[in-house]
Amino acid sequence: MKTFFNVQDLGPLQAALKEAEEVKANRFAYQQLGKNKTLLMIFFNNSLRTRLSTQKAAMNLGMNVIVLDVNAGAWKLETERGVIMDGDKSEHLLEAIPVMGCYCDIIAVRSFAGLSDRDYDYAETIVGQFVKYSGRPVVAMETATVHPLQAFADLITIHEKWTELNANPSNQPSHKRPKVVLTWAPHCRALPQAVPNSFAQWMNAADVDFVITQPEGYELDPKFVGDARVEYDQHKALEDADFVYAKNWSCPGVKNKGNYGKILSKDASWTIDSEHMSWTNYGYFMHCLPVRRGLIVTDDVIESPHSLVIPEAANREISAEVVLKRVLETL
Amino acid sequence: MKTFFNVQDLGPLQAALKEAEEVKANRFAYQQLGKNKTLLMIFFNNSLRTRLSTQKAAMNLGMNVIVLDVNAGAWKLETERGVIMDGDKSEHLLEAIPVMGCYCDIIAVRSFAGLSDRDYDYAETIVGQFVKYSGRPVVAMETATVHPLQAFADLITIHEKWTELNANPSNQPSHKRPKVVLTWAPHCRALPQAVPNSFAQWMNAADVDFVITQPEGYELDPKFVGDARVEYDQHKALEDADFVYAKNWSCPGVKNKGNYGKILSKDASWTIDSEHMSWTNYGYFMHCLPVRRGLIVTDDVIESPHSLVIPEAANREISAEVVLKRVLETL
Amino acid sequence: MKTFFNVQDLGPLQAALKEAEEVKANRFAYQQLGKNKTLLMIFFNNSLRTRLSTQKAAMNLGMNVIVLDVNAGAWKLETERGVIMDGDKSEHLLEAIPVMGCYCDIIAVRSFAGLSDRDYDYAETIVGQFVKYSGRPVVAMETATVHPLQAFADLITIHEKWTELNANPSNQPSHKRPKVVLTWAPHCRALPQAVPNSFAQWMNAADVDFVITQPEGYELDPKFVGDARVEYDQHKALEDADFVYAKNWSCPGVKNKGNYGKILSKDASWTIDSEHMSWTNYGYFMHCLPVRRGLIVTDDVIESPHSLVIPEAANREISAEVVLKRVLETL
Chain A
1 MKTFFNVQDL
11 GPLQAALKEA
21 EEVKANRFAY
31 QQLGKNKTLL
41 MIFFNNSLRT
51 RLSTQKAAMN
61 LGMNVIVLDV
71 NAGAWKLETE
81 RGVIMDGDKS
91 EHLLEAIPVM
101 GCYCDIIAVR
111 SFAGLSDRDY
121 DYAETIVGQF
131 VKYSGRPVVA
141 METATVHPLQ
151 AFADLITIHE
161 KWTELNANPS
171 NQPSHKRPKV
181 VLTWAPHCRA
191 LPQAVPNSFA
201 QWMNAADVDF
211 VITQPEGYEL
221 DPKFVGDARV
231 EYDQHKALED
241 ADFVYAKNWS
251 CPGVKNKGNY
261 GKILSKDASW
271 TIDSEHMSWT
281 NYGYFMHCLP
291 VRRGLIVTDD
301 VIESPHSLVI
311 PEAANREISA
321 EVVLKRVLET
331 L
Chain B
1 MKTFFNVQDL
11 GPLQAALKEA
21 EEVKANRFAY
31 QQLGKNKTLL
41 MIFFNNSLRT
51 RLSTQKAAMN
61 LGMNVIVLDV
71 NAGAWKLETE
81 RGVIMDGDKS
91 EHLLEAIPVM
101 GCYCDIIAVR
111 SFAGLSDRDY
121 DYAETIVGQF
131 VKYSGRPVVA
141 METATVHPLQ
151 AFADLITIHE
161 KWTELNANPS
171 NQPSHKRPKV
181 VLTWAPHCRA
191 LPQAVPNSFA
201 QWMNAADVDF
211 VITQPEGYEL
221 DPKFVGDARV
231 EYDQHKALED
241 ADFVYAKNWS
251 CPGVKNKGNY
261 GKILSKDASW
271 TIDSEHMSWT
281 NYGYFMHCLP
291 VRRGLIVTDD
301 VIESPHSLVI
311 PEAANREISA
321 EVVLKRVLET
331 L
Chain C
1 MKTFFNVQDL
11 GPLQAALKEA
21 EEVKANRFAY
31 QQLGKNKTLL
41 MIFFNNSLRT
51 RLSTQKAAMN
61 LGMNVIVLDV
71 NAGAWKLETE
81 RGVIMDGDKS
91 EHLLEAIPVM
101 GCYCDIIAVR
111 SFAGLSDRDY
121 DYAETIVGQF
131 VKYSGRPVVA
141 METATVHPLQ
151 AFADLITIHE
161 KWTELNANPS
171 NQPSHKRPKV
181 VLTWAPHCRA
191 LPQAVPNSFA
201 QWMNAADVDF
211 VITQPEGYEL
221 DPKFVGDARV
231 EYDQHKALED
241 ADFVYAKNWS
251 CPGVKNKGNY
261 GKILSKDASW
271 TIDSEHMSWT
281 NYGYFMHCLP
291 VRRGLIVTDD
301 VIESPHSLVI
311 PEAANREISA
321 EVVLKRVLET
331 L
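Chains as they are written, first to last, in the UniProt record's numbering: chain A, 1 to 331; chain B, 1 to 331; chain C, 1 to 331.
Chain A with its partners taken away, still in its complex shape:
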């Protein structure tokens, strides 16, 4: 595996889930793979879960880790040719990025969407430069449009819970495969679409019935929606759901590019409370964290035994370890 951005990069999901199980059961078993290999983690944006879980995963694999915090505002690389660089850009990407590649074996990059220029964000300009010029495998730690380490951890969590439910004869699920609903929920700030984009991409590839529900104007990019059923009526969407994945996102600008990155609604009726959960099939609540209670979800729902938010976070270590392991195997 030379890059990790999309679900396709991982190959067949059943094999990946099997490998996640093995890694989780024995997370220090692969240290020969990582010996004398260095992961460079570059953060253009703040990180808590991703930073800790990815670093932990790399250390599980016996790797050395170097963390580089780059102030997003200070990262002013010149990208054009023929320019006299006498302004605030002190280095050209054609030097900066290959140099970083010199000192490591794998590069992991976090670089959020700016939410002001849809074309720039959806072209994945920043991480694309790392893929093109670093000479190293590149792993996304949330880019402008995708967050695959989160989506993989979410899939592992759904798979574990579904397997557990099916293993209990007294609690036979009513469906052959789980119904998973991604639902928009309100927020006070404009957030990127990376998490819902990747979650949609991964659920479309997984063995689940997948539904996306959001207010008008919040339609995700078609390349991520894929064949998912889209339902504007949240109540209908949640009916009989086994897993409810709540997340806010700002306008993806699909129907009206001028609205890209804007907040179109703060409709509190979309907040997941116990009434919403009552419409589901004893469904489980999921969220990538950090989560704002009272906006996305109520206290009782997120604290209930049917909340999976902490297991999802714990599985970030596992998803990162499987991904790094796969990359190490191809070095």
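There may be inaccurate statements among the hints.
Unchecked claim - Pair by pair, the computed Cβ-Cβ distance ranges are:
| id | chain 1 | residue 1 | chain 2 | residue 2 | range |
| --- | --- | --- | --- | --- | --- |
| 1 | A | Lys2 | C | Asp88 | 23 to 33 Å |
| 2 | C | Leu331 | A | Phe28 | 25 to 35 Å |
| 3 | B | Lys18 | A | Asp207 | 55 to 65 Å |
| 4 | A | Gly87 | C | His235 | 25 to 35 Å |
| 5 | C | Gln8 | B | Asn204 | 53 to 63 Å |
| 6 | B | Leu165 | C | Ala15 | 14 to 24 Å |
| 7 | A | Lys18 | C | Ala15 | 21 to 31 Å |
| 8 | C | Ile84 | B | Gln14 | 13 to 23 Å |
| 9 | C | Ile84 | B | Ala25 | 37 to 47 Å |
| 10 | B | Asp299 | C | Leu331 | 24 to 34 Å |
| 11 | C | Leu331 | B | Thr163 | 21 to 31 Å |
What the hints assert, rightly or not - In silico DSS-like links for lysine-lysine, alpha-carbon gap of 25 Å or less:
| id | chain 1 | residue 1 | chain 2 | residue 2 |
| --- | --- | --- | --- | --- |
| 12 | A | Lys37 | C | Lys247 |
| 13 | B | Lys37 | A | Lys325 |
| 14 | C | Lys89 | C | Lys35 |
| 15 | C | Lys37 | B | Lys35 |
| 16 | C | Lys89 | A | Lys35 |
| 17 | A | Lys24 | B | Lys35 |
| 18 | C | Lys266 | C | Lys247 |
| 19 | A | Lys35 | C | Lys325 |
| 20 | A | Lys89 | C | Lys266 |
| 21 | C | Lys266 | B | Lys37 |
| 22 | C | Lys266 | B | Lys24 |
| 23 | A | Lys89 | C | Lys247 |
| 24 | B | Lys262 | C | Lys89 |
| 25 | A | Lys35 | C | Lys37 |
| 26 | B | Lys89 | A | Lys247 |
Bear in mind the hints are in silico, worked out from the structure with no lab data behind them.
Every residue gets a Cβ at the ideal spot worked out from N, C-alpha and C, and that includes glycine.
Following the hints, complete the assembly by docking chains B and C onto the known chain A.
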């Protein structure tokens, strides 16, 4: 050992001092204990000695270390239930802290007193949350009211020097056990009470004669003063002392809660100079560092052969290693 | 090796170059040397290449690494005796520096020239304090006047390329030893002299014909210029050159101390373009990076097959590893 805040957490001090000796003699002998174990060090406040010494100690033990710097001002966790989180608090502690626990085996936390709300500080609100919700052993790297890694290092230093003095027949100390004096000294800024609190707690538990001296109004909290002799006349207190531990602290607010955190005196007659030391029994000068010369102590005293400030700092590595070793042994 | 500041610290260069070759061929072969040894890297200034390459080198050697970022402005150590420290300096160097030495085996320091006080900068006041008071070997990661890890990497790069050229019978170089030219080039900001100083010092010690060229007023300090040929006519200097090392520096204040640190010229005719390179003997372009295109060098020159800037950066790992290995061998 599941938490390390108070002297009682360490069990019998003689055994701990013996273990410190063994660790110091062979600090890399316990790497099997720390293999594949991760220490997460969380700093809400700046650190030089604590950061370096604790990290070194963990690496001595073969542990992996992840350092997380959290801007104290930016750490705005919601702690209430039933709140709509549409303000500046982006995460609830009930999610944030368990998640940190997911990615490590031991958590070490530094979080200073705010010095504005005595009840909040002395309730140890922040580190208490880590103990309650992280699911991991928690080691104090200076909290609102205690700094036990420093106090343990100080005790080790006193023990080493006293043992050395007793081993020299020509330099037989005049006391059976050392007289240790904790003396307040002036400072230009309002400082927390964590260091004197812990020092008092540890000296009360140790085999020493312990005296505390400070101006009126600077009385430490009774739970730390314990059975120590308290003497308002610094000269009397220092007479015949073997060890002089100087430290500034702001008003602990014991007699007048409204004065909590305030500077009540800058009386320069409390500064430890050679005259002060002449009242002692060829006493040794101690301070936790950083120290402001001319306020706490004069140049000649801190630079004299009877200054122990550098050995104290060096023993921070040892105290941290013993503590982490004890925690690892109970994992 | 107890300190690494000057070319003399490394001993005979042929032996060092041989060792660099061995290290590069097998960079993980010396991990027994670094086992349980700790490198403390202290940065008073930002760093990308130096930070990554030195950390990588230390990890190659099996060392533990602790990185300490010190805000240059915040590093206010008192250096005088007899002062009442009631101002903004919270610690005296006589405590701060020995304490850092307590927790590591080797100290590496970056501390740039302030460019306002020539005497202070050229006395190497800051790093000199580390040498004097830390009790540990000190390695320069760019000081006020030297950047020897860069110069050593540059020498390795020249040596590799010259060896490669000589190994190819069809491409026999016209000289017995390479002609190396250090040329000033314009820049929009005032830069220190550390890189040209060290490059000059190392080239004077190496088996090359060395020429320095710069406009009037930019003369480097005589102790670095040594026996180099100095040529004010850039065209004449570059004629027949095998290696062109371009770099900007501000006025070294040799002829007029009042001009120290100033920009005396932005003469664009000194920018290295393809015409400049045409004057050379199919010469190779070198620069330490980061480089501002259009000022120092044109796009076509730095992107040409005769540009060595990326190999130079890659060799930073090797020069750091040889240096740390040498220091470890004398511990």
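Here is what the structure says about each hint:
1. Lys2/A to Asp88/C: 23 to 33 Å: At roughly 51 Å between Cβ atoms, aspartate 88/C and lysine 2/A fall outside 23 to 33 Å, so the hint is violated.
2. Leu331/C to Phe28/A: 25 to 35 Å: 31 Å, holds
3. Lys18/B to Asp207/A: 55 to 65 Å: 60 Å, holds
4. Gly87/A to His235/C: 25 to 35 Å: 29 Å, holds
5. Gln8/C to Asn204/B: 53 to 63 Å: With a Cβ separation near 57 Å, glutamine 8/C and asparagine 204/B satisfy 53 to 63 Å, so the hint holds.
6. Leu165/B to Ala15/C: 14 to 24 Å: 50 Å, violated
7. Lys18/A to Ala15/C: 21 to 31 Å: Taking Cβ atoms as reference, lysine 18/A and alanine 15/C lie about 53 Å apart, which means the hint is violated.
8. Ile84/C to Gln14/B: 13 to 23 Å: Between isoleucine 84/C and glutamine 14/B, where Cβ atoms are some 41 Å apart, the hint is violated.
9. Ile84/C to Ala25/B: 37 to 47 Å: 41 Å, holds
10. Asp299/B to Leu331/C: 24 to 34 Å: Cβ of aspartate 299/B to Cβ of leucine 331/C: about 32 Å, so the range 24 to 34 Å holds.
11. Leu331/C to Thr163/B: 21 to 31 Å: Check passed, 28 Å falls within 21 to 31 Å.
12. Lys37/A to Lys247/C: 33 Å, violated
13. Lys37/B to Lys325/A: 19 Å, holds
14. Lys89/C to Lys35/C: 37 Å, violated
15. Lys37/C to Lys35/B: Holds. Lysine 37/C to lysine 35/B sits at ~17 Å (cutoff 25 Å).
16. Lys89/C to Lys35/A: Between lysine 89/C and lysine 35/A the Cα gap is close to 44 Å, so the pair fails against 25 Å, i.e. violated.
17. Lys24/A to Lys35/B: 17 Å, holds
18. Lys266/C to Lys247/C: 13 Å, holds
19. Lys35/A to Lys325/C: 20 Å, holds
20. Lys89/A to Lys266/C: 18 Å, holds
21. Lys266/C to Lys37/B: Cα-Cα ~56 Å, so violated.
22. Lys266/C to Lys24/B: At roughly 58 Å apart (the allowed maximum being 25 Å), lysine 24/B and lysine 266/C break the hint.
23. Lys89/A to Lys247/C: 17 Å, holds
24. Lys262/B to Lys89/C: Satisfied, since the Cα-Cα distance of roughly 21 Å is no more than 25 Å.
25. Lys35/A to Lys37/C: 18 Å, holds
26. Lys89/B to Lys247/A: 17 Å, holds
Hints 1, 6, 7, 8, 12, 14, 16, 21 and 22, counting from the list given before, are not met by this structure.
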